[in-house]
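In case you want the letters, here they are:
2 protein chains.
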Amino acid sequence: MKVKLAPVDGAVVAPLGFKAGGVFCDIKRLGTGKGSDKGPKRDLAILASEQPCAVAGLFTTNQVCAAPVKLCIPRAAKGVAQAVVVNSGNANACTGRQGMRDALRMADLAEDALGLRRGHAFVASTGRIGVQLPMPQVESGIAACATQLGSDADHAARAAEAIMTSDTRPKQVAVELTLGGRRVRVGGMCKGAGMIQPGMSPNGARPASLPAGLHATMLAFVTTDAAIQAPALQAALTEAVASSFNRITVDGDMSTNDTVLVLANGMAGNPLIGSARHKDFATFQHALQHVCLALAKMIVRDGEGVHRVVTVRVSGARSVAEADAAARAVGNSALVKTSWHGGDPNWGRIIDALGYSPATVVEDKVDIGYSAPGSRKVLWSLRRGQPTKASFADLCRAVAPDEFDLHIRLNLGKGAAILYAADLTEAYVDFNKGNVADPTSLGG
Amino acid sequence: MKVKLAPVDGAVVAPLGFKAGGVFCDIKRLGTGKGSDKGPKRDLAILASEQPCAVAGLFTTNQVCAAPVKLCIPRAAKGVAQAVVVNSGNANACTGRQGMRDALRMADLAEDALGLRRGHAFVASTGRIGVQLPMPQVESGIAACATQLGSDADHAARAAEAIMTSDTRPKQVAVELTLGGRRVRVGGMCKGAGMIQPGMSPNGARPASLPAGLHATMLAFVTTDAAIQAPALQAALTEAVASSFNRITVDGDMSTNDTVLVLANGMAGNPLIGSARHKDFATFQHALQHVCLALAKMIVRDGEGVHRVVTVRVSGARSVAEADAAARAVGNSALVKTSWHGGDPNWGRIIDALGYSPATVVEDKVDIGYSAPGSRKVLWSLRRGQPTKASFADLCRAVAPDEFDLHIRLNLGKGAAILYAADLTEAYVDFNKGNVADPTSLGG
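Quick note, the sequences are listed as chains Z and D, same order. Under this note's numbering, the residues of the first sequence are numbered 1 to 444, in order. Under this note's numbering, the residues of the second sequence are numbered 1001 to 1444, in order.
Chain Z on its own, in the form it takes in the complex (with noise of 0.2 Å):
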């Protein structure tokens, strides 16, 4: 469908009512202040809408999954929120009964501090698995950003930056559209970077559908100001970030803490959208599914250590399942990983994955090629299972770039799947080898 989407500055406070901040309040405890706005990067941050908002969420799939996804998910099914305050540095995973009364606790600072009612407060957290949270500086934090919020693109540009862990820089988006007559906004921000595999579904529970082996901590906070219900709201997100943040890949690890939530606060004065039926829910949902799927792709390119992005596209396979399974098969191939970062074009490792992955592959029937990012025209180095005539210097300069499509017609059926990854270089070795000589530089 075609939606005119205008690109706008404010990214999360672009839609009328919403506001942001962030602080540093030391969850690592560095000893270097609390509750400020110096330090060595923010680590806390609130997002807050001055009228209550119709709230959808998608939550890690991992059956080890962090105290604040615990909270959010039973609030999410209530289908209001108001605010979210997230925190980077601890995971607060793995962390027992003590983090689900920190989490708790986080929500019912923020709802004081801001003067909301009980439950309305959303919480997530992203950082070191396994250490409980620092209650005094979260507190100082919290107590700080909640009078430090404000409704413009510096505003915004401190949460977002608030919530990045190893990320290199902070991800934001905006634009407007037109929906039933009136002007609406959509915004979001989002960190990743590592522990890159998402599989999230509406209440955490693991579909049969999701391929097994699914696996960042990924957080995204999305705000409109569109006037649409819950459970409409919900059906709209879960059916972006399927085609968006479930399709990414950095290294293949799912966390304990992937996080979307969508808030929705109807100041925009649009016809309400009260169900899927309605008539303006596909050009909502369209916006949405833009936002997603840009911030979705931020993730990989800004992943740890990714030199190349690789946008994976199956088709011919037996089914969607098929199609998926083979593409995160290549996606995730160290062997496969490693040929795009040397900028071999090594069709034979991704014959190989292809072969082993569970989707049905006949050796005699498969084609490989590479193409510009987006582009239908493709260089095939491999037709029907034998090399093409293409040469290996131009097979060289197809895979040469920092973005490029990898083409894989299975030419079995109809299922197509697309995954956004990355190649596997010696940054992300290093980086995530850590130094035990320093345990704050360990992550998640």
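Calculated from the structure, these hints are not laboratory results. Keep in mind that this is a model prediction, so the values were computed, not measured. Backbone N, C-alpha and C define an ideal beta-carbon position, used for all residues, glycine too. Heads up, a few of these hints could be off.
Beyond 12 Å from chain D on every Cβ pair, some chain Z residues (computed) [what the hints assert, rightly or not]:
1. 157
2. 176
3. 271
Which residues of chain Z face chain D? A few of them, derived with a C-beta cut under 8 Å, are [claimed, not checked]:
4. 5
5. 8
6. 9
7. 128
8. 130
9. 252
10. 256
11. 338
12. 339
13. 341
14. 348
15. 387
16. 424
17. 429
Assemble the complex: chain Z is given as a structure, and chain D must be docked to it using the hints.
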């Protein structure tokens, strides 16, 4: 069971009646010689028996499998072999009909050169995928090698060197035991290094019990002078591989060429083992398993870029299949493997991987600990989902050695599994990104 196994010299030629050899014939066409005893590295080996042998084999379950695998599967089903010819430097995989003709020609040439019956020579290849074999070089290599076979340890070592690709050293072992009152020997050689997570079956078909996404080229050749019939030999080998080669991973990638062959020529004169119910079967199987496990562990130890070898011991899973899935999720997680490289006892990444594995995991039941290889003295870092009082310094010491055991108890059932795994290092990435300016550096 207790079986006295004495280590002996000679590897694949330790059993009576076997001879071996290896030559350089320039399969990568470096232009430095052909069919000679000189060159950068031997690249063609022959292993042969004076007498026809019972044979058993296991082969990659990759749907894309190499021509020599396709040749060997039906030959193994017939149960008779007298020689194996092996080349390195070229996998003869994804080479279409020409590849099948070349594999058959390799067998025919070996049979002619050695005076064997048609169908009694087996073939294996390892190296780059998707390049046709240089048959003039292969032909001169087979002709030269067939005239240079010997029954001493030096000749066995030449064969073991010739089958190497990225291996840094030859891998050989042999043991002697008493079977039915006679001295019997079992010897073996193998190669591995990268593209290593074998999942082999007798006919290359994927059994339902193989975990989805099982995934080197590993080649192993075992010889014995025991008298045993082919079906019993196959039963013994299938069981041995299930607890050895099929339990290793270097990089999680399953090759198109994985092959294990065992040849039994009966020259020791023990009472013929006619079936798995024979009184001597268990003793023989134990010896075969010992040889397979010793070789399998050498593959992990010499894996590409490997610094640390970790034996992942999962117990208390709801089933053996779940234990296996849990072990593979941990042993193939990029984040867990880089933490091993860093000497970081990061149980957070381990429980994260368990949580996204297909195995059922309940966070507050999980125990995670470390021991020296094979030791029962475990230092627990996590008990019932809670960090123990073990100090970070003590945990760092537990994961500092080149080899250690990782103990994971899910405490949900009786399923147990072992996986021999390895760290992920900058050296692995550097080696596998290759050098596109020198295509001969690019691995299969």
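Violations among the numbered hints, reported as their numbers in ascending order: 4, 5, 6
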